[in-house]
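Enquirer: Chain residues, written in single-letter form:
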Amino acid sequence: MQDISKNIIIHASEGDLNAFESIYNAVSGFVYSIAYKMTYSREDAQEITQDVFLKIYKNLKWFRFQSSFTTWVYRITVNVAINFSKRRAREQEKMITYKDDVKLKTAAIAKEEKTHKAGNEEILGSLLAILNPDQRACMILRNIEGLSYKEIAKTLKININTVRTRLKRAREKILDNFQKRGGKQ
Amino acid sequence: MNCKKIKELIITDYLDGEIDLTLKKEIEGHLKVCNQCRQFVQVLRQSAVEPFKDAKRNVPPESVWRNIENAIEQQRTKNVFGNIADKIYALFPVRKPAFVVATIIAIALITLIVMRPSFDSRNAINAHLNEQIEFLAAINSDYEPAYPDMAYTGLGTNIEEYFL
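Protein sequences, first through last, are from chains A and B. Using this note's numbering, read the first sequence as starting at 1 and increasing by one per residue. Using this note's numbering, read the second sequence as starting at 1001 and increasing by one per residue.
Careful: at least some of the hints might be erroneous.
[Said to hold, decoys possible] Every beta carbon over 10 angstroms from chain B, so not counted as near; a handful from chain A, in silico:
#1 GLU21
#2 PHE30
#3 PHE63
#4 ASN83
#5 GLN92
[Stated by the list, open to error] Listed below are the simulated SDA-like cross-link pairs for lysine to any residue, each with C-alpha atoms no more than 20 angstroms apart in a straight line:
#6 A:LYS55 - A:ILE10
#7 A:LYS180 - B:GLN1039
#8 A:LYS150 - B:TYR1014
#9 A:LYS58 - B:GLU1050
#10 B:LYS1056 - A:LYS58
#11 A:LYS168 - B:PRO1097
#12 A:LYS154 - B:GLU1018
#13 A:LYS55 - A:GLN92
#14 A:LYS61 - A:ILE8
#15 B:LYS1053 - A:ASN177
#16 A:LYS55 - B:LEU1031
#17 B:LYS1005 - B:LEU1031
#18 A:LYS173 - B:GLN1039
#19 B:LYS1053 - A:GLY125
#20 A:LYS173 - B:GLU1008
#21 A:LYS168 - A:PRO133
#22 B:LYS1004 - A:LEU17
#23 B:LYS1056 - A:GLY125
#24 A:LYS58 - B:PRO1097
#25 A:LYS61 - A:GLU21
#26 B:LYS1056 - A:GLU21
#27 A:LYS154 - B:ILE1019
#28 A:LYS154 - B:GLN1039
#29 A:LYS61 - B:VAL1100
#30 A:LYS150 - B:VAL1100
#31 A:LYS58 - B:GLU1008
#32 A:LYS6 - A:TYR57
#33 A:LYS168 - B:GLN1039
[What the hints assert, rightly or not] So the derived list for chain B, only partly shown, Cβ under 7 angstroms to chain A, looks like this:
#34 PHE1052
#35 VAL1064
#36 ALA1124
In case anyone wonders, no lab produced these hints; they're calculated from the structure. The C-beta atom is built at its ideal place from N, Cα and C for all residues, glycine as well.
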């Protein structure tokens, strides 16, 4: 991620749209990536990205530089993405059972990936689809974004042992799924 | 440490490099002699670590920034009252909930001050209450009124005679 100077943040918080665009250019990549990996839907990822940046714009005046700007943006992104995923899951739950949901999600990911790219991303999508939103967020922050347990705990405002537990449960699920498929992804 | 404990550490702290050096040495010592745990590490890396490596960073389409820009512009041109409220709100360096609570308290205090009865009206209320107390007390026969001509003498009805 590109560095963002304190001046740019201050200007953006005062309503300078050019300064805000600089922030967007610096962080939109990881915001959109997290959003996409949380949902594996381009439309949903775009909606989440828009929500995240409108939240950032609205709340920039409250950013006091006490924590890192990146951690702050991570927190907003992950929270918006988790809430979005949970809301989507609730909506789908009304119509279908969980197992059907996973099958549908996997099928949707496969369809989505066929039209855009295949390979490793496809495998990754099907792995993330079997996790719940909280576990998914932890796995993305740890395995893709490379955050430490302490950083994940700070970002999600949870206990470090909760981070451990979520990662453990997520990996157990992935491992179980892998073994059920006879060692194939 | 038994295999169960070793596997629990492998699946989190060991795999993520968050483990301290002593425990790391202990686990690696165990892995040298335990084929089952060695296999566990191998399968875990293959299933839950490798697929995450080289995950691509996705780039949002240009339309996303345009939508954000439009939404911000719309927010800026929202109704006049909204802007005035924002300006007043911006004058006070407090969070929105604190601002709302402070506003409610201020309104309540102002209402209390405005609605508070004046000294004269309070005297009138007190005089009226005293009169009422005296009248009720006069029903009791032991009571000696301050003004005998105002004593309760009854209305002379049959029902009164029956009860009294």
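Enquirer: Against each hint, give a clear statement of whether it holds in the structure.
Expert: Consistency of the hints with the structure:
| no. | hint | in the structure |
| --- | --- | --- |
| 1 | GLU21 | 7 angstroms, violated |
| 2 | PHE30 | 7 angstroms, violated |
| 3 | PHE63 | 13 angstroms, holds |
| 4 | ASN83 | 18 angstroms, holds |
| 5 | GLN92 | 23 angstroms, holds |
| 6 | A:LYS55 - A:ILE10 | 16 angstroms, holds |
| 7 | A:LYS180 - B:GLN1039 | 16 angstroms, holds |
| 8 | A:LYS150 - B:TYR1014 | 15 angstroms, holds |
| 9 | A:LYS58 - B:GLU1050 | 39 angstroms, violated |
| 10 | B:LYS1056 - A:LYS58 | 30 angstroms, violated |
| 11 | A:LYS168 - B:PRO1097 | 38 angstroms, violated |
| 12 | A:LYS154 - B:GLU1018 | 16 angstroms, holds |
| 13 | A:LYS55 - A:GLN92 | 26 angstroms, violated |
| 14 | A:LYS61 - A:ILE8 | 12 angstroms, holds |
| 15 | B:LYS1053 - A:ASN177 | 19 angstroms, holds |
| 16 | A:LYS55 - B:LEU1031 | 48 angstroms, violated |
| 17 | B:LYS1005 - B:LEU1031 | 13 angstroms, holds |
| 18 | A:LYS173 - B:GLN1039 | 17 angstroms, holds |
| 19 | B:LYS1053 - A:GLY125 | 13 angstroms, holds |
| 20 | A:LYS173 - B:GLU1008 | 14 angstroms, holds |
| 21 | A:LYS168 - A:PRO133 | 14 angstroms, holds |
| 22 | B:LYS1004 - A:LEU17 | 55 angstroms, violated |
| 23 | B:LYS1056 - A:GLY125 | 12 angstroms, holds |
| 24 | A:LYS58 - B:PRO1097 | 15 angstroms, holds |
| 25 | A:LYS61 - A:GLU21 | 16 angstroms, holds |
| 26 | B:LYS1056 - A:GLU21 | 23 angstroms, violated |
| 27 | A:LYS154 - B:ILE1019 | 19 angstroms, holds |
| 28 | A:LYS154 - B:GLN1039 | 34 angstroms, violated |
| 29 | A:LYS61 - B:VAL1100 | 18 angstroms, holds |
| 30 | A:LYS150 - B:VAL1100 | 35 angstroms, violated |
| 31 | A:LYS58 - B:GLU1008 | 43 angstroms, violated |
| 32 | A:LYS6 - A:TYR57 | 15 angstroms, holds |
| 33 | A:LYS168 - B:GLN1039 | 18 angstroms, holds |
| 34 | PHE1052 | 4 angstroms, holds |
| 35 | VAL1064 | 5 angstroms, holds |
| 36 | ALA1124 | 52 angstroms, violated |
Going down the numbered hints, you'll see the structure goes against 1, 2, 9, 10, 11, 13, 16, 22, 26, 28, 30, 31 and 36, while the others check out.
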